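Asker: In case you want the letters, here they are:
2 protein chains.
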Amino acid sequence: MSVGSAADIHAVEAANQEFYGAFENADLDRMNALWAHDADGREISCVHPGWPLLRGRGEVLRSLALIMANTKYIQFVLTDVQVAVSGDIAVLTCSENILTASETEEPSFAPGGNVVSTNAFVRTGEGWKLWLHHGSPVLDQVEEEVDEQ
Amino acid sequence: MSVGSAADIHAVEAANQEFYGAFENADLDRMNALWAHDADGREISCVHPGWPLLRGRGEVLRSLALIMANTKYIQFVLTDVQVAVSGDIAVLTCSENILTASETEEPSFAPGGNVVSTNAFVRTGEGWKLWLHHGSPVLDQVEEEVDEQ
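Line by line, the protein sequences give chains Y and L.
Quick note, the first sequence lines up with residues 16 to 164 if you use this note's numbering.
Quick note, the second sequence lines up with residues 16 to 164 if you use this note's numbering.
For the record, the hints were derived by calculation from the structure and aren't laboratory data.
Remember, predicted model here, so these are calculated numbers, not experimental data.
It is possible that part of the hints are untrue.
To be verified - EDC-like cross-link-like pairs, simulated, lysine to aspartate or glutamate; straight-line CA separation at most 20 Å:
#: 1; chain 1: L; residue 1: Lys144; chain 2: Y; residue 2: Glu39
#: 2; chain 1: Y; residue 1: Lys87; chain 2: Y; residue 2: Asp44
#: 3; chain 1: Y; residue 1: Lys144; chain 2: L; residue 2: Asp103
Chain Y on its own, in the form it takes in the complex:
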C-alpha cells in the first residue's frame, strides 16, 4: 500500500528498479544517470550496509563503483515495498532479499542475506532521481552484535 498519485508511484517504483537493475549489471553509466545531481543543501547521500554516511556524488559514486567491481554476482528480490510521495519528494522503503554467487569454485548461488532499505527520490526535469539510498544489514543475532560493541 502506498500514498501518492498512481502515476507518481509507478514512476518512483520504476526509478527504484533502475537502481537495483544497474547494480545487478554493475553498470556505472546507468548508476551515474539515475542518481540526482548535488544541489545547494541537497547533496545525494548513501549508506551501504554497515558503512558510515557518505555525502555527495563523488563519494557515493566512487563507493558504488568499488562495490560493483568487487561483486561477482548479485540479484535483489524486493519485498514489502511501500512508497509515499508528497510535493517533489518520494520515500520508498523495502526489504532486499539478496542472492549472491558463493565463494566456492563450483558454480552455485547462495543467499546473500537481508537488507532493509530506505530510498528517497526527488522530482526533476528529467524525472524522479535517486537522492538517498540507506541500506542496513538485518543481523541474525542482534543480541550478540550488541554485546560485541
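Starting from the known structure of chain Y, fit chain L onto it as the hints suggest.
Answerer: Below, chain L alone, put in the same frame as chain Y:
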C-alpha cells in the same frame, strides 16, 4: 545545509530532537505522541540497528518500549544533520554518536557506537510527526561482518 523554508526546517529539527529526547528519558508517552498515526498506505515504519523492518504503530511502539526498558543509560549526540522538506514530507539524515552506561558496576560511561539514521516526518494538523525511523549500525570491520554471513 538543508532545503525547505526556515520555519519547516526548524520544526522538523525540533521534532527530531523530541525523538531522541524521549528515547534518552525512556518516556513512552512522549514517544507515543511524536509518532504519526497509521493511515491508509502510510503505516509508520521503524528499523532499529540490525533489525528487520517493522510496520505499524503496534509493532513499532512495542519495540521501542522493549528497547527503552532494557537501556540503562543512553545519550545521543547528533552530527551531520541534513533536512529536506517538500510538500508534507520531510527527510532528515544524521549520524548518531551514542554514549551508554558501561556494563561494569563502577559508574562510568562508554562510547556506544555509531549509528546512521534516516528519519522521515509528515506534516499533520498537530505539526510534524515521525513517520519513519531507520537506524543502521556503523560496523568497524565491514569485511568481517560480510564474511560471517
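Asker: Taken at face value, is the distance from the CA of Asp103 of chain L to the CA of Lys144 of chain Y at most 20 Å?
Answerer: It holds: about 19 Å lies between the C-alpha atoms, which stays within 20 Å.
Asker: Need the status of pair Lys144 of chain L, Glu39 of chain Y: alpha-carbon distance at most 20 Å?
Answerer: Cα-Cα ~36 Å, so violated.
Asker: Lys87 of chain Y and Asp44 of chain Y: Cα distance at most 20 Å?
Answerer: With a Cα-Cα distance of about 18 Å, the restraint between Lys87 of chain Y and Asp44 of chain Y holds, given a limit of 20 Å.
Consistency with the previously given hints fails for number 1 only.
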